[in-house]
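Undergrad: With chain L's structure known, arrange chain W on it following the hints.
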Amino acid sequence: MALIELQNVVKVYESQAGTVTAIHGVSTSFEEGEFTAIVGPSGCGKTTLLNAIGGLDRPNQGHIRIDGVNIVDLKDRDLIDFRLQHIGFVFQAYNLIPVLTALENTGFILELQGVSKKERDARAMELLEAVGLADRAHNRPNQLSGGQQQRVAVARALASRPRFVLADEPTANLDSKSTETLLDIMAALNEKEKTTFIFSTHDQRVIDRARRILPLEDGQLKGL
Amino acid sequence: MAWRNIWRSPWRSIVVIGSMALGVWAGIFMMGWATGLNDARTVSLLDDNVGHGRITSAAYEASPEAAALIPQLATVLENISRDTAVTAVAPRLVLQAMIQSGSGAAPALVLGVYPEAEQAVFKAARTITAGTFLGAREADEIVLGEELARRLEVDVDDRVVLTFQDLAGEVHSALFYVVGLYDGASNLLEETMLYVPAWNIASQMGMLDSTLLGREFPVAHQVNFRVQDPYSMDHTVNQLRMQDSLRLHQGFIQSRIESLATLERHSTPLVIKEWRSISPELGYADEIMAQSLLLFMTIILLAMAFGILNTMLMAILERTRELGMLMAVGMNKRRLFFLIVTETLLLSFAGLPIGLALGHGTLAVTSRTGITLKGVEKGLAEFGMESTIYPITVPEFYLPIAALVFILAFLSALYPARKALKLNPIESMRVL
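Chains as they are written, first to last, in my numbering: chain L, 1 to 224; chain W, 1 to 432.
If you are wondering where the hints come from, they were derived from the structure by calculation, not from laboratory data. Accuracy of the hints is not assured; some may be wrong.
Examples of chain L residues lying across from chain W (beta carbon under 10 Å, computed) [to be verified]:
1) Leu96
2) Gln113
3) Val115
Nothing here was measured: the structure is a model prediction, and the numbers come from that model. Quick reminder that beta carbons are idealized off the backbone N, C-alpha and C, glycines included.
Isolated chain L (complex conformation) (with noise of 0.2 Å):
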């Protein structure tokens, strides 16, 4: 059984210009341990479709499946939990919590969880060394660049083990040598933890990475 399976996602948006449909049927898998890349000019429906395998916004149509798990059925409570437990997420403006340090940044989701303070300061610190960042701990992110930023954020995504982390233009606002080092670790912790990725991107240095490509047009999956 596949890791992620989305069967028919239909994605609508209303607004004052009229019906706009996001996603149009969209029906594919994504198998544990993958390093997928949706690709696709802006405004294809790239995000759009990472929100919705993320559980952050339901399609009106389709089901997703992660684990079994037809998520588009769950609670907005359960929900929550869901995305808590399963899914790591990487967002382009790194979004790190700037009152915290980049340890207590890279263990938040794991105090969400209730895991206890000695445990997750050691995962955080053995992510932080994986990406380079051991030495700024204790750095808060306004002490940090913006690669060093979106590397904890990396770091955080994986620190409960999630299921699959989606990581929405990642590199967008990094430059090419920041660009490079953060492949580098992801590629590196998707080898070492297993962990499925899937970004969404036009980033001709992450589609050049990626193991897998889904070109998106229009809202439709299109064959390379």
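TA: Frame of chain L, contents of chain W only:
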């Protein structure tokens, strides 16, 4: 995390904490000031004519008739005077009478007093504005209040006639010479209350027999007394009744006036009252003031609460993106609500101890130095009060104030928390 969050905008938080501290300080000081003012007024009235405590016979308490004298007065006085908490004792006879002068007549409350004892307990007997207080024990002397003297158009050395019923029910009239005028705490008091020697009036009433003549205080309807601290009397237990069963029905400052317990030996019941029972309006004034002060404090804190609410709303607006992220990664609504409420409570409570400490400190200092009011000396003197008021520390209010801060802070957190809970993660972040 909540504590760190409130320091994201240090100056804004400092302003909110400072205003809370200032509000609490102002409220505490106002409470101490008002309490000091009220206490000064109460003490003045107690000193003037109420006294701190009073013993009567149960018969007099039921119906204040002339025949209802305190039984075994000498023993009662001996027992009460033995107590170290009691500083002065004044037995009195109290009669209803009519007073007449050449210009008019008026109903009067006649106090048959033993002059030195009366002056030791009551300030009114010491505040003689013309002439002197009573002297010889059986003299036909009378001391009137200034208002009554004005009404009857009499002065020192003038004559007045008192008309009253003796113990046998016969109506008596007796001539008295005005030897002095007193200045009481209120005009009502001055218009009705007058002093004559107890020996004189007791003799005319037919109360004295040969067995009583050798005593210093032969008869009395009341034994009034002062204690070292009128506020040490228990608020809730204010009355001791000596019943026929010789049992104490309610405790009455037992620790301070233990010797009163020996009064149980009397065969006739006595009634002992503290000042709140003698003059209930003074006790009510304390309660009304306490409630008014808490109401005033609530209004101050309510204004503070709106400031806190506004600050928290701004904080929520500024952190919309971050709150969206928190919800996206799995922070549930209960936890988010708890975070906002905790931040609000911390912001509110940070100023509380500062305000309490400042308020307490200010009251501690001014309770020693006093605060002199210029320009209202005359008005205060009307109430028998000095122009320097001594505020009082009010630790009994600190816990209610803390509770008020908690309740108002919690209430002011609800709206910002509701706004936060209504955020949509995607719309808040705009990007995943």
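Undergrad: If a hint holds in the structure, say so; if it does not, say that too.
TA: Against the structure, the hints:
1. The beta carbon of Leu96 of chain L is positioned within 10 Å of a beta carbon in chain W (closest approach about 9 Å), and the interface hint is therefore held.
2. Given the 10 Å rule on beta carbons, the hint for Gln113 of chain L holds: about 8 Å separates it from the nearest Cβ of chain W.
3. About 13 Å separates the beta-carbon of Val115 of chain L from the nearest beta-carbon of chain W, more than 10 Å, and the hint is not met.
Hint 3 from the list above is the single one not met by this structure.
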